[in-house]
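Number of protein chains: 2
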Amino acid sequence: VRGVPGEPRQTVADLGEDDLLAQVFPILAGAGGTTGLVTGPGDDAAVLAWAAGDVAGLVATTDAMVRDRDWLDAWSSGADVGAKVAAQNLADVAAMGARPVALLVTLVMEAATPVGWVLDLAHGLAEVARSATCPVIGGDLSSAPDGTLVVSVTALGSLDGRRPVLRSGAEPGDVVAVAGTLGLAAAGWRLLHAGREDAHTEAVARQRRPRPPLDRGPAAADAGATAMVDLSDGLLRDAGRVARASGVRVALRSDPLADDVARLSGALGDEQARDCVLAGGEEHSLLATFPAGAALPHGFRIVGEVTGGAGVTLDGVTQSARGWDHFGG
Amino acid sequence: VRGVPGEPRQTVADLGEDDLLAQVFPILAGAGGTTGLVTGPGDDAAVLAWAAGDVAGLVATTDAMVRDRDWLDAWSSGADVGAKVAAQNLADVAAMGARPVALLVTLVMEAATPVGWVLDLAHGLAEVARSATCPVIGGDLSSAPDGTLVVSVTALGSLDGRRPVLRSGAEPGDVVAVAGTLGLAAAGWRLLHAGREDAHTEAVARQRRPRPPLDRGPAAADAGATAMVDLSDGLLRDAGRVARASGVRVALRSDPLADDVARLSGALGDEQARDCVLAGGEEHSLLATFPAGAALPHGFRIVGEVTGGAGVTLDGVTQSARGWDHFGG
Numbered sequence: 001v002r003g004v005p006g007e008p009r010q011t012v013a014d015l016g017e018d019d020l021l022a023q024v025f026p027i028l029a030g031a032g033g034t035t036g037l038v039t040g041p042g043d044d045a046a047v048l049a050w051a052a053g054d055v056a057g058l059v060a061t062t063d064a065m066v067r068d069r070d071w072l073d074a075w076s077s078g079a080d081v082g083a084k085v086a087a088q089n090l091a092d093v094a095a096m097g098a099r100p101v102a103l104l105v106t107l108v109m110e111a112a113t114p115v116g117w118v119l120d121l122a123h124g125l126a127e128v129a130r131s132a133t134c135p136v137i138g139g140d141l142s143s144a145p146d147g148t149l150v151v152s153v154t155a156l157g158s159l160d161g162r163r164p165v166l167r168s169g170a171e172p173g174d175v176v177a178v179a180g181t182l183g184l185a186a187a188g189w190r191l192l193h194a195g196r197e198d199a200h201t202e203a204v205a206r207q208r209r210p211r212p213p214l215d216r217g218p219a220a221a222d223a224g225a226t227a228m229v230d231l232s233d234g235l236l237r238d239a240g241r242v243a244r245a246s247g248v249r250v251a252l253r254s255d256p257l258a259d260d261v262a263r264l265s266g267a268l269g270d271e272q273a274r275d276c277v278l279a280g281g282e283e284h285s286l287l288a289t290f291p292a293g294a295a296l297p298h299g300f301r302i303v304g305e306v307t308g309g310a311g312v313t314l315d316g317v318t319q320s321a322r323g324w325d326h327f328g329g
Numbered sequence: 001v002r003g004v005p006g007e008p009r010q011t012v013a014d015l016g017e018d019d020l021l022a023q024v025f026p027i028l029a030g031a032g033g034t035t036g037l038v039t040g041p042g043d044d045a046a047v048l049a050w051a052a053g054d055v056a057g058l059v060a061t062t063d064a065m066v067r068d069r070d071w072l073d074a075w076s077s078g079a080d081v082g083a084k085v086a087a088q089n090l091a092d093v094a095a096m097g098a099r100p101v102a103l104l105v106t107l108v109m110e111a112a113t114p115v116g117w118v119l120d121l122a123h124g125l126a127e128v129a130r131s132a133t134c135p136v137i138g139g140d141l142s143s144a145p146d147g148t149l150v151v152s153v154t155a156l157g158s159l160d161g162r163r164p165v166l167r168s169g170a171e172p173g174d175v176v177a178v179a180g181t182l183g184l185a186a187a188g189w190r191l192l193h194a195g196r197e198d199a200h201t202e203a204v205a206r207q208r209r210p211r212p213p214l215d216r217g218p219a220a221a222d223a224g225a226t227a228m229v230d231l232s233d234g235l236l237r238d239a240g241r242v243a244r245a246s247g248v249r250v251a252l253r254s255d256p257l258a259d260d261v262a263r264l265s266g267a268l269g270d271e272q273a274r275d276c277v278l279a280g281g282e283e284h285s286l287l288a289t290f291p292a293g294a295a296l297p298h299g300f301r302i303v304g305e306v307t308g309g310a311g312v313t314l315d316g317v318t319q320s321a322r323g324w325d326h327f328g329g
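Residue numbers (this note's numbering), protein chains in the order written: chain A, 1 to 329; chain B, 1 to 329.
It is worth saying that the hints were derived from the structure and are not from the lab. One or more hints might be untrue.
Example chain B residues on the side facing chain A (calculated, C-beta under 8 Å, incomplete) [what the hints assert, rightly or not]: (1) 13; (2) 21; (3) 45; (4) 58; (5) 64; (6) 69; (7) 74; (8) 77; (9) 106; (10) 125; (11) 135; (12) 141; (13) 148; (14) 152; (15) 293.
Per label pair, the in silico range of CB-to-CB distance [stated by the list, open to error]: (16) A:224 to B:73: 45 to 53 Å; (17) A:22 to B:308: 55 to 63 Å; (18) A:22 to B:23: 41 to 49 Å; (19) B:301 to A:75: 54 to 62 Å; (20) B:9 to A:315: 37 to 45 Å; (21) A:9 to B:75: 14 to 22 Å; (22) A:22 to B:271: 51 to 59 Å; (23) A:133 to B:119: 34 to 42 Å; (24) B:112 to A:22: 16 to 24 Å; (25) B:163 to A:258: 56 to 64 Å; (26) A:75 to B:222: 50 to 58 Å; (27) A:21 to B:301: 40 to 48 Å; (28) A:160 to B:270: 43 to 51 Å; (29) B:73 to A:22: 47 to 55 Å.
Covered by chain A, per the in silico footprint, the following chain B stretches (three or more residues, Cβ under 8 Å) [what the hints assert, rightly or not]: (30) 14-20; (31) 263-273.
C-beta: ideal position from N, C-alpha, C; glycine also.
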């Protein structure tokens with residue numbers, strides 16, 4: 001049941017995430033001035049022109065995980081949660097073409113939270129921080145009412161003189177390419193949900209700890225990527241964001257995805273495997289567009305092309321934007 | 001009842017905030033490398049040496065507010081919460097001697113959260129962002145289990161070539177000075193708690209929306225401040241942090257605080273007024289130390305001096321570190 005727009009007690013669940021953001025953005029836009037701001041909310045991360053007159057700059061993004069929404073204690077350890085929240089923030093930095101330089105962590109927790117869980121979380125954060133050469137430079141601990149456990153991370157990155165790769169730069173004629181796996185994290189979720197953890201241990205491991213190809217972000221920028229996004233909410237939905245921001249159509253082909261599907265079919269059957277590859281979230285691989293004929297960086301594979309038009313097609317058939325909305329909107 | 005250290009199910013409430021941090025820091029320290037990191041967790045904010053070889057850099061800090069812990073809906077509107085969480089983060093930036101340049105906001109909320117509350121929050125954030133010339137450049141919305149409402153903010157600042165003012169630089173012989181009010185926010189909390197909102201409307205307003213003297217941070221740095229901290233947890237407790245970090249004693253005098261106490265005595269009586277001024281949190285005024293004879297920046301007033309020794313004294317009497325601990329430890 002949806003609320004009536006404008007109704008005083010309309011809730012965020014009535015409205016949905018996208019419509020809520022559409023109302024919040026205008027309030028924040030321009031407040032405080034945007035001098036030095038290259039791109040604000042709406043892309044993977046914000047970019048500040050740190051050196052005046054230079055588009056090279058600071059990249060900043062923030063993303064939270066909430067127990068019983070973004071993880072279940074029965075499925076994920078504290079270290080898994082720490083590794084995952086760090087990785088998904090760093091993927092947003094990479095998707096701008098930037099190199100991660102620092103993390104800040106806020107932990108909001110009920111008084112009954114075990115000390116061991118907190119230390120385990122720190123170990124998971126430290127592990128990803130170490131592998132990304134990106135220290136945890138600050139944080140905050142807050143107590144919360146019973147039942148609440150939230151980990152919020154801010155990631156900072158440096159473009160090192162590169163232009164940021166936005167979602168809005170794709171041009172008809174570009175190729176569409178992906179770096180990293182597809183569908184594993186979603187498949188892992190389904191297997192955990194079905195109590196079939198042993199059916200595909202790699203998928204389950206990837207659900208617990210995504211492994212975004214962080215160094216492929218700057219590599220894509222160096223290779224001339226025209227647009228880039230990390231696949232947090234699923235291939236179709238995130239490709240749709242590039243299509244919308246760029247005013248183009250993203251035409252995907254199923255052939256290059258056949259191996260991704262086959263890899264999961266044994267555990268899930270063809271239909272579910274296909275659904276995980278096309279619409280599965282939390283993978284945090286990178287989708288980028290490149291000018292036709294550009295030498296793709298190592299690790300990227302072509303999965304389609306950019307054409308005139310709008311939306312996302314698969315083998316020429318228009319796809320609906322399946323994927324994840326935080327409030328079910 | 002306190003838990004036994006090392007007991008497997010020891011909770012964060014058993015341990016307390018400081019002891020928990022003491023266990024978490026070593027896990028995070030060094031992970032990811034600290035190249036370019038001037039100061040990490042433990043001061044008001046972290047400082048990254050953004051330009052290699054230059055101590056001038058980026059300042060970053062993060063701080064969250066939790067409903068029913070850090071505010072009550074009965075006392076504070078969404079706009080109050082937005083203004084407060086922005087102000088307390090910006091105070092941490094100012095306390096490093098830096099100029100605020102950007103905010104990121106994460107909102108974690110139950111599905112039943114009214115849209116109107118979220119828009120009100122955005123207005124409060126935008127108001128402070130505007131007054132500090134510090135745009136909101138990014139954010140994240142997450143759904144949460146019923147009962148949860150958390151706002152987490154990261155603030156970024158620029159030192160503009162200044163050296164960061166740490167807590168650790170105070171020297172015997174320095175004067176101790178404060179910019180901004182003392183005790184109002186705590187007095188407001190007590191009056192709201194007692195249902196006596198009308199007894200001191202300015203104190204109540206300051207409890208809802210602190211007004212840190214943000215531009216006094218860079219001014220203090222320019223005037224040669226040797227150490228600085230924002231008063232988030234109370235004068236005695238935060239002065240104690242400077243004393244500990246600097247290896248000195250902070251010797252406060254009650255004379256310069258007499259007007260602060262008198263301002264609250266009518267509403268609260270002498271004893272409570274004194275307690276608010278000495279130990280009241282959430283004021284976010286700035287405490288800084290300056291070399292004796294330095295010309296203090298406008299807005300700073302001397303409240304004591306730095307001597308050899310340790311801890312905090314008032315009129316020569318050693319003070320215990322009264323103030324706020326998030327987990328009651």
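Tested hints:
1. 13: 4 Å, holds
2. 21: Residue 21 (chain B) check passes; min Cβ-Cβ to chain A is 7 Å, inside 8 Å.
3. 45: 7 Å, holds
4. 58: With a minimum Cβ separation of about 7 Å from chain A (threshold 8 Å), the hint on residue 58 (chain B) holds.
5. 64: OK, holds: residue 64 (chain B) within 8 Å of chain A, min 5 Å.
6. 69: 6 Å, holds
7. 74: 15 Å, violated
8. 77: 14 Å, violated
9. 106: Hint holds; residue 106 (chain B) Cβ to chain A Cβ min 5 Å, cut 8 Å.
10. 125: Check passed: Cβ of residue 125 (chain B) comes within 7 Å of chain A, closer than 8 Å.
11. 135: 4 Å, holds
12. 141: 6 Å, holds
13. 148: 5 Å, holds
14. 152: Holds. Min distance 4 Å.
15. 293: Status violated, d = 34 Å.
16. A:224 to B:73: 45 to 53 Å: 51 Å, holds
17. A:22 to B:308: 55 to 63 Å: 60 Å, holds
18. A:22 to B:23: 41 to 49 Å: Given about 43 Å between the Cβ atoms, the range holds.
19. B:301 to A:75: 54 to 62 Å: With Cβ atoms ~56 Å apart, the hint holds.
20. B:9 to A:315: 37 to 45 Å: 54 Å, violated
21. A:9 to B:75: 14 to 22 Å: Between residue 9 (chain A) and residue 75 (chain B), where Cβ atoms are some 20 Å apart, the hint holds.
22. A:22 to B:271: 51 to 59 Å: Hint holds: Cβ distance 52 Å, inside 51 to 59 Å.
23. A:133 to B:119: 34 to 42 Å: 40 Å, holds
24. B:112 to A:22: 16 to 24 Å: 20 Å, holds
25. B:163 to A:258: 56 to 64 Å: 58 Å, holds
26. A:75 to B:222: 50 to 58 Å: Roughly 53 Å apart at Cβ, these two residues keep to the hinted range, so it holds.
27. A:21 to B:301: 40 to 48 Å: Roughly 45 Å apart at Cβ, these two residues keep to the hinted range, so it holds.
28. A:160 to B:270: 43 to 51 Å: Once the Cβ atoms are compared, 59 Å apart, the range 43 to 51 Å for residue 270 (chain B) and residue 160 (chain A) is violated.
29. B:73 to A:22: 47 to 55 Å: Given a distance of about 25 Å, which is not inside 47 to 55 Å, the answer is violated.
30. 14-20: Contact hint for the stretch 14-20 of chain B vs chain A: holds, 4 residues under 8 Å.
31. 263-273: violated (count 0)
The structure fails hints 7, 8, 15, 20, 28, 29, 31 (numbered hints given earlier, in ascending order).
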